[in-house]
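Undergrad: Protein sequences appear in the order of chains V and U.
In this text, residue positions in the first sequence follow my numbering: the first is 1, and each later residue adds one.
In this text, residue positions in the second sequence follow my numbering: the first is 520, and each later residue adds one.
Keep in mind the hints are simulated off the structure, nothing from the lab.
Any given hint could turn out to be false.
If you want a taste of the chain V side facing chain U, the calculated C-beta under 10 Å gives, among others [stated by the list, open to error]:
1) Leu40
2) Leu44
3) Phe47
4) Leu53
5) Phe54
6) Ala76
Restricting the straight-line Cα-Cα distance to at most 25 Å, the calculated cross-link-like pairs of lysine-lysine (BS3-like) are [to be verified]:
7) V:Lys443 with V:Lys453
8) V:Lys169 with V:Lys113
9) U:Lys681 with V:Lys115
10) V:Lys112 with V:Lys443
11) V:Lys113 with U:Lys670
12) V:Lys169 with V:Lys112
Beta carbons are placed, not taken as given, at the ideal position from N, Cα and C, and that holds for glycine.
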Amino acid sequence: MSDLSTMPILTILTFLPLAGALVLLFVPRQREALIRWFTLVLTLAVFLLSLPLFTAFDGANPGFQFEENRSWIPSAGIGYHLGVDGISLLMVMLTAFLTPLVILSSWRSVTKKVKEYMIMFLVLETAMLGVFLSLDMVLFYLFWEGMLIPMYFIIGVWGGERRLYAAIKFFLFTMFGGVLMLVAILVLYFMHGGQSGLYTFDYLALSQMLIASKSQVWLFFAFGIAFAIKVPMFPFHTWLPDAHVEAPTGGSVILAGILLKMGTYGFLRFCIPLFPTAAQQYGWLIMLLAVIGIIYGALVSWVQPDLKKLVAFSSVSHLGFVMLGLFALTLQSVQGGLIQMVNHGLSTGALFLLVGMIYERRHTRLIADFGGLARQMPVFVTFFLIITLSSIGLPGLNGFVGEFMILLGTFEVNRLLAVLATTGVILSAVYMLTMFQRVNFGKLDKPENQELKDLNGREIATLVPIVLLCLWIGLYPSTFLHKSEAAAQKLLDEYRSKQDKIALIEEISASQTNVINPK
Amino acid sequence: MELSAPLIQLDLITPQLIVLAAAILLLLLPLFWRSLRREFLAAIALAGIAAALAATFWLWSRPGWGFAGMVTVDRFALAFQALFLLGGLLTVLISFNRIEEEYVQHGDFFGLLLLALFGLMVMTSTTHFLVIFLGLEILSIALYVLAGYRKMRVDSLEAALKYLLLGAFATGFFLYGVALIYGATGQLEMAHIREAAAAGGAGWLLPAGALLVLIGFAFKAALVPFHMWTPDVYQGAPTPVTAFMSTGTKAAAFAVLARLVSIAVPVETIAWGPVLAVLAVLTMTVGNFMAIVQSNVKRMLAYSSIAHAGYLLVALAAGNAAGRSAILYYLLVYTLMNIGAFGVIAWLGRSGREERLTFESYRGLGYRYPFVSLAMAAFMFSLAGIPPTGGFLGKFFLFAAAVRAEYIPLVVIAVLNAVVSVFYYLRLVVNLYMREAEEPAEAGKAHPLLIAALVIALIGVVWLGVAPGGVLGAFNTAATAGM
Chain V
1 MSDLSTMPIL
11 TILTFLPLAG
21 ALVLLFVPRQ
31 REALIRWFTL
41 VLTLAVFLLS
51 LPLFTAFDGA
61 NPGFQFEENR
71 SWIPSAGIGY
81 HLGVDGISLL
91 MVMLTAFLTP
101 LVILSSWRSV
111 TKKVKEYMIM
121 FLVLETAMLG
131 VFLSLDMVLF
141 YLFWEGMLIP
151 MYFIIGVWGG
161 ERRLYAAIKF
171 FLFTMFGGVL
181 MLVAILVLYF
191 MHGGQSGLYT
201 FDYLALSQML
211 IASKSQVWLF
221 FAFGIAFAIK
231 VPMFPFHTWL
241 PDAHVEAPTG
251 GSVILAGILL
261 KMGTYGFLRF
271 CIPLFPTAAQ
281 QYGWLIMLLA
291 VIGIIYGALV
301 SWVQPDLKKL
311 VAFSSVSHLG
321 FVMLGLFALT
331 LQSVQGGLIQ
341 MVNHGLSTGA
351 LFLLVGMIYE
361 RRHTRLIADF
371 GGLARQMPVF
381 VTFFLIITLS
391 SIGLPGLNGF
401 VGEFMILLGT
411 FEVNRLLAVL
421 ATTGVILSAV
431 YMLTMFQRVN
441 FGKLDKPENQ
451 ELKDLNGREI
461 ATLVPIVLLC
471 LWIGLYPSTF
481 LHKSEAAAQK
491 LLDEYRSKQD
501 KIALIEEISA
511 SQTNVINPK
Chain U
520 MELSAPLIQL
530 DLITPQLIVL
540 AAAILLLLLP
550 LFWRSLRREF
560 LAAIALAGIA
570 AALAATFWLW
580 SRPGWGFAGM
590 VTVDRFALAF
600 QALFLLGGLL
610 TVLISFNRIE
620 EEYVQHGDFF
630 GLLLLALFGL
640 MVMTSTTHFL
650 VIFLGLEILS
660 IALYVLAGYR
670 KMRVDSLEAA
680 LKYLLLGAFA
690 TGFFLYGVAL
700 IYGATGQLEM
710 AHIREAAAAG
720 GAGWLLPAGA
730 LLVLIGFAFK
740 AALVPFHMWT
750 PDVYQGAPTP
760 VTAFMSTGTK
770 AAAFAVLARL
780 VSIAVPVETI
790 AWGPVLAVLA
800 VLTMTVGNFM
810 AIVQSNVKRM
820 LAYSSIAHAG
830 YLLVALAAGN
840 AAGRSAILYY
850 LLVYTLMNIG
860 AFGVIAWLGR
870 SGREERLTFE
880 SYRGLGYRYP
890 FVSLAMAAFM
900 FSLAGIPPTG
910 GFLGKFFLFA
920 AAVRAEYIPL
930 VVIAVLNAVV
940 SVFYYLRLVV
950 NLYMREAEEP
960 AEAGKAHPLL
970 IAALVIALIG
980 VVWLGVAPGG
990 VLGAFNTAAT
1000 AGM
């Protein structure tokens, strides 16, 4: 680890899980214990490998670090270009952090086709890391769409009763957005080639391009719909509850924890820097939809009888906050959005884990079937409480930091939306606490619940790292904010300067046409 | 430019001669030795194909023209030849399965297959319409017989008869078109036609002729609205024959069409772009939506092959070298994944004496037959165009060519069609992996040669999805040859 700069650390990080999956292919399926331990150790290795990346990452440098750039399909201008900056670093860390926990959480709950399950999660981890690390548009797209295959199987094979419907819906929705993005990527490629003579899919080259504001609008929406479906933003969210409810616990955790972040990450990485004028023109629309999502998600969560559905809809609300922060486009709000992406991954991921744990015991997720668990399962309820409080943004825990920064940043830009969004904070306290109360307090009157066993060592081991991280972010967020600050600042600077340049160019060319065709 | 080529240049057609020799050998041998093992016959066929492939690679660095302009062996032609030979190779391999066992034991099956292969190679290594016609007829007559090869089965005979009638129709259109072109320009060679047209006075006969030629090949490539025969023929014909028809014939039709629109009758005479774009939209959309409602896997693949012809048309409409290169690349991937998929059907598609061709009959096979199911899933994802398979990169190149030519709405329709196609391709994956079988499905052991075909196809599909470099480079040079 002494010299990270000469090692292709990002390649190793990305493809280690895939290599593990290939190894697993040759392990006999009966050796389930071996398969589980192998996968756990491998994903832990990926996490350990990501730690020096985090410490060696220079937060003051706004650009990409640990870059690897090799040619891949030179005749088509496609390169193998990886790199990490302050924006993707946190997402990479989150992915590496959550995956081993998910493997641990599936230790007992997945008993069917263990080998295939583990292979799918390893392939999925490669695809997720690839999405966050790719700096070539085609490479990015490859990981983005490739990720669908393992997730499709995870929902479709190990999911609940309506898993087939949920799996295909997930696949079709995501792919629909994806293909529109593909067309936009191709248009960008030829636009750049036409302007500069250099035909390339390289992100760094494409993001330098100045695009006419009219074309920007089309491209912004072609990319934006792909990401909005993934986030999911209201009104593209309808696949989410189905996918979440039907997916196995591990799938839900990864889906909420990481896959949804790909949408918000995409907005930040592509939509805003590539199409700043359109982002500025239509920012209000995104922010409006974000606020609608916040309130709508919260209200729908409130009335859910099913725990998992409640958590799923709360994601719509929480990610509305993230989107609001990103498109308010102030340093505070963007930073808040970034940290909130991590927070949501942690607290919602943990909520799905908790719901999974109780479902394994009772085989029901209906809130009405519980009550009074505090007596029977004190350890479980303690974790549940901490995570619930983190999710509703209690000061001292992680959720508060993100939401506060987002609201503060948004308030400078649009007071009305900031105020409306604040009601979402209140609503989230309402639905989360109501749910918490109905599940854990009151009388322990159901006979089935009186037999419930408290969490075992493995389950505690799954939750403790998340809780620790929630506290860390809540008490000392600077560790993480410092890493992303320079990159966020650069994003905003370029967003403004590019906008100005484009406006200037268009003004000049407009005045020239006026000269040529005087009225 | 006048080319002073010698009259006879046999070395240019070495691959064709090898395939023809093998075909004749295969047709004659069983007459003298009745009890030849089919492995032995297949070995002759495979050896012939392999030798022809080697000859094709040998010719790659020495392209040329011969037979007084009747034969054009440029890299474009050679790339297609290699493609056909690969398709032929895989077809021979997948004919080792239990459904075809009882039918495919005679030398004439492989003989006819190689004859069809010979026809494909003849019709693509020329720019002369009469030679195209010769190749087309050799191909078609061999295929009429092959389609009806299961002569005790009504659906096979129906397939043969339908294919014969529609094939005759298509040839009629083609010949009529050629006659009009000849009437307009007095030429049958593509470059000469172009020169004559440029000299002026071709009138409306030339575009009319060109459109009729297009219709003729639209039948062969199964483009909407000339596709009606496809599902019945594909369903009724023996599975390896269907695999061969759906890839080879389609590829050859696109080779001729590419030459037609870029050499013989350029865009100055007919605005090919809009014509082909309309055909593309019809073909993709009808193919995909009809595929959704099929319950028979072979029919689903028939409609899917129609849809794929639509994607290929998108790049043809683009009318640039990138488009031709993309067409070659896509056809290569398509040959691998489609013959691979038919190979899986040939393996799994039988329980007891009954053919097993509904989606439901594939339930739960994923865990009983892990390799073949994995291969099928990969072929389906590739057909749907999901990375990291060759099907994705192939579509990517096709659509990139069209975006380059600024056919953006066409590309949007094409990618949305790709989303629709996911629905029916994944239905098979769902049945393989996500549904339990009511009774344990039994498919039996597969012949090693069939497994070899699946391994080749699987490796090819993944390889072309992650490392396209060399192949793409070769196709790029092929796409500019002689255009």
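Undergrad: Compare the structure with each hint and give your call.
TA: Results of checking the hints against the structure:
no.	hint	result
1	Leu40	violated (24 Å)
2	Leu44	violated (26 Å)
3	Phe47	violated (24 Å)
4	Leu53	violated (24 Å)
5	Phe54	violated (28 Å)
6	Ala76	holds (7 Å)
7	V:Lys443 with V:Lys453	holds (17 Å)
8	V:Lys169 with V:Lys113	holds (23 Å)
9	U:Lys681 with V:Lys115	violated (48 Å)
10	V:Lys112 with V:Lys443	violated (36 Å)
11	V:Lys113 with U:Lys670	violated (44 Å)
12	V:Lys169 with V:Lys112	holds (23 Å)
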